[in-house]
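**Q** Generate the whole structure from the sequences, applying the supplied hints.
Listed below, chain by chain, are the residues.
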Amino acid sequence: MLKKKITIKNKLGMHARAAVKFVNVANRFKSSVKIEKDGNEIDGKSILGILTLAAVQGTEIVLKVSGKDEDKALSALLELINNKFLEKE
Amino acid sequence: MEYFRLRGIGVSPGIAIGEVLLTERVIFTERKEKILPHQVEHELKRLNKAIERTKSQLTRIKDQIRKKMGEEHSFILEAHLLMLEDKSMRSGLDRIIREEHCRAEWALSCIHEKYKRLFESISDEYFRQRESDISDVLTKLYRNLESPDKKKKDDGREKILVAHDLLPSEAALKLSRGNVLAVAIDMGGQTSHTAILARSLNIPAVLALRNISQRVKNGDYIIVDGSDGEVIVNPPHALRKEFFDKKEKYEDYRRELRKTAKLRSTTLDNFRFYPLANIELPEEVKPALSLGAEGVGLFRSEFIYLQSTSLPSEEEHYLIYSQIAKETSPFPVYIRTIDIGGEKSLPQLKIEKEPNPALGLRAIRFSLRETDLFKIQLRAILRASAMGNVRILIPMITEIEEIVEIKILLREVKEELKLKRHKYDENIPLGVMIEVPAAAAMTDLLVKEVDYLSIGTNDLIQYCLAVDRGNEFVSYLYKPLHPSVLRLVRFVIETAQKAGKEISVCGEMAADPLAAIVLLGFGLVNFSMNPIFIPKIKKTLRSVEFKTVKKVIREAMALKTAQEIEEYIIEKILVKHPNAFLMGKVI
Chain A
1 MLKKKITIKN
11 KLGMHARAAV
21 KFVNVANRFK
31 SSVKIEKDGN
41 EIDGKSILGI
51 LTLAAVQGTE
61 IVLKVSGKDE
71 DKALSALLEL
81 INNKFLEKE
Chain B
1001 MEYFRLRGIG
1011 VSPGIAIGEV
1021 LLTERVIFTE
1031 RKEKILPHQV
1041 EHELKRLNKA
1051 IERTKSQLTR
1061 IKDQIRKKMG
1071 EEHSFILEAH
1081 LLMLEDKSMR
1091 SGLDRIIREE
1101 HCRAEWALSC
1111 IHEKYKRLFE
1121 SISDEYFRQR
1131 ESDISDVLTK
1141 LYRNLESPDK
1151 KKKDDGREKI
1161 LVAHDLLPSE
1171 AALKLSRGNV
1181 LAVAIDMGGQ
1191 TSHTAILARS
1201 LNIPAVLALR
1211 NISQRVKNGD
1221 YIIVDGSDGE
1231 VIVNPPHALR
1241 KEFFDKKEKY
1251 EDYRRELRKT
1261 AKLRSTTLDN
1271 FRFYPLANIE
1281 LPEEVKPALS
1291 LGAEGVGLFR
1301 SEFIYLQSTS
1311 LPSEEEHYLI
1321 YSQIAKETSP
1331 FPVYIRTIDI
1341 GGEKSLPQLK
1351 IEKEPNPALG
1361 LRAIRFSLRE
1371 TDLFKIQLRA
1381 ILRASAMGNV
1391 RILIPMITEI
1401 EEIVEIKILL
1411 REVKEELKLK
1421 RHKYDENIPL
1431 GVMIEVPAAA
1441 AMTDLLVKEV
1451 DYLSIGTNDL
1461 IQYCLAVDRG
1471 NEFVSYLYKP
1481 LHPSVLRLVR
1491 FVIETAQKAG
1501 KEISVCGEMA
1511 ADPLAAIVLL
1521 GFGLVNFSMN
1531 PIFIPKIKKT
1541 LRSVEFKTVK
1551 KVIREAMALK
1561 TAQEIEEYII
1571 EKILVKHPNA
1581 FLMGKVI
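Protein chains in written order, with the working numbering: chain A, 1 to 89; chain B, 1001 to 1587.
Hints in this document: simulated from the structure, not taken from any laboratory. It cannot be assumed that every hint is accurate.
Computed footprint of chain A on chain B; a stretch qualifies when at least three of its residues, placed anywhere within it, have a C-beta under 8 angstroms from a C-beta of chain A [what the hints assert, rightly or not]:
#, region
1, 1078–1086
2, 1112–1124
3, 1207–1216
Here are the simulated DSS-like cross-link-like pairs (lysine-lysine), alpha carbons at most 25 angstroms apart as the crow flies [said to hold, decoys possible]:
#, chain 1, residue 1, chain 2, residue 2
4, B, Lys-1501, B, Lys-1572
5, B, Lys-1560, B, Lys-1572
6, B, Lys-1055, A, Lys-21
7, A, Lys-37, B, Lys-1087
8, B, Lys-1055, A, Lys-30
9, B, Lys-1560, A, Lys-84
10, B, Lys-1407, B, Lys-1423
These numbers come from a predicted model, not from an experiment. Beta carbons: idealized from backbone N, C-alpha and C, even for Gly.
**A** Laid out in structure tokens, this is it:
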């Protein structure tokens, strides 16, 4: 399993549009994706889980990816978050 | 069948008579209906079928919205589809049915309750409000548990749509289908999405009826009177006849007004005036032009924010502005930057609640604080200016410093666009709204800084008279013809004209025949209003002589009260032009 701490940088946080993008990217991989925030863990392929996390700008989350394609999955998800979900702000 | 009448708010005029097509309100069951262990598999299958049906409905709506409004708008349906397929939600449903041996309705009810509680406990308002999205999905799913053949069939005949409430996506889809005679809804008001849409599509509508969706059945015969805000259920024969006559009269009147729309906008003595439209949706442009609008005098851009669950991107702004610019061209479009804040707050903008919103952080004050958002909007407006005759209009200006700041931002945005080689109108006119008495009193100074002015009479009157029109204890003090209001308005109009700058009025005063005559008397040429009033105002102004009106208004300005002024004008104008206020039953 791979673990990585990351901060949500985009202005709106993981709002509905960002959550859609996150789930769509996560679903491209076989690996399981979990997101941990303040001790709560949710399924990263669940849009409802992501929305109930209420990860606003500046929130620190931990991504936990495990499975055969975990390397690729993690780097794709990190790229999405680091690129601010491709939003223009 | 029982005959009764219900009162609501008439939001779109006209009369329709026909059969009810009820969109039933889903109420999640509170009863845990048990099933036998061997029925569990069947129940799971029933749930799966409902999920499949919901999925194909959502996919269809998504495709339609994408085709009509573009990719940007269909994403919320993509979110809904992902919710429908959410594994943790689905396994929760399955588990309840399997372990508790109960019907799918009960499982949905539990899951609905669970997510409601989960979202309600979130402190961030934007995320808390996503409860409405999952609720929307589960409601559709609940409705689909019943197989479609058991549900009332929509036979395609023209009917009257009755519902508890309509979601914006539902409203757009149902009303544009062409088989809706009228709309009657429990919830909503003048500015709800359904109201705006019904008006622009010319469908009579009465909203805020409280409980009509519970009091009528499919097939009931009802009359919807959108002009008077009334719904009559199962009317006796004599009453039907009365309303058929009323409907016919209304349609005659409408035809008459449509004829007026094509006539020249001039007074009897050839004084040229311009009726313009106040709109909030791109779909309103065509109907407005067909009613005689010679431009869009006010596009309320905050609608773009109301429509979206997240902050709209520059592209979203641009698509809407350029569409309006193209459809209105060669006529002008005045795009007002967002007038948000106060009571018109939006969760995604994270505006704090204020004790005194009318005097708080709203409109340009908000934009100058959130300059990133403001620049996105300015960039989109500038880019749209390459597609037509576009102007920038700034709401709630109080002092010159604000204009200086706006000009700096505008220059920055122009530089950015130049670097990116975007086309725009280098000389795009910049104008400000005169809504705050402070701005009105210094019109002579303000006017030198901008290309044109626009008076927003609703706010100007409220601030000038210190009266909240919505407050029943003081609303009697709200008088557009109050001598102080008229002095301010006259000063603004005359000062702008002396400076050689254009001036328009875009409040309700422009849409009231008597007030419009007063404005004409001050020399106003640009009257911007809700497009449904354009034919009426045009008819009034076409039936008077400018020079007579000018003289009468000058005399009326010496009077001491709103009532004296009103009586004097009516009397003097009617002596000369007996037809000026003769409209039959005005809409």
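**Q** Each hint should be assessed against the structure and marked as holding or not.
**A** Quick rundown of the hints versus the structure:
1. 1078–1086: As far as the region 1078–1086 of chain B goes, the hint holds, because 5 residues have Cβ atoms under 8 angstroms from chain A.
2. 1112–1124: holds (count 6)
3. 1207–1216: Violated, because only 0 residues of the region 1207–1216 of chain B bring their Cβ atoms closer than 8 angstroms to Cβ atoms of chain A.
4. B:Lys-1501 <-> B:Lys-1572: Measuring from Cα to Cα gives roughly 31 angstroms; hence the hint is violated.
5. B:Lys-1560 <-> B:Lys-1572: Given that 25 angstroms is the threshold and the Cα spacing comes to 17 angstroms, the pair holds.
6. B:Lys-1055 <-> A:Lys-21: Within the cut-off at roughly 19 angstroms; holds.
7. A:Lys-37 <-> B:Lys-1087: 20 angstroms, holds
8. B:Lys-1055 <-> A:Lys-30: It holds: about 23 angstroms lies between the C-alpha atoms, which stays within 25 angstroms.
9. B:Lys-1560 <-> A:Lys-84: This hinted pair is violated, its Cα atoms lying about 62 angstroms apart.
10. B:Lys-1407 <-> B:Lys-1423: 19 angstroms, holds
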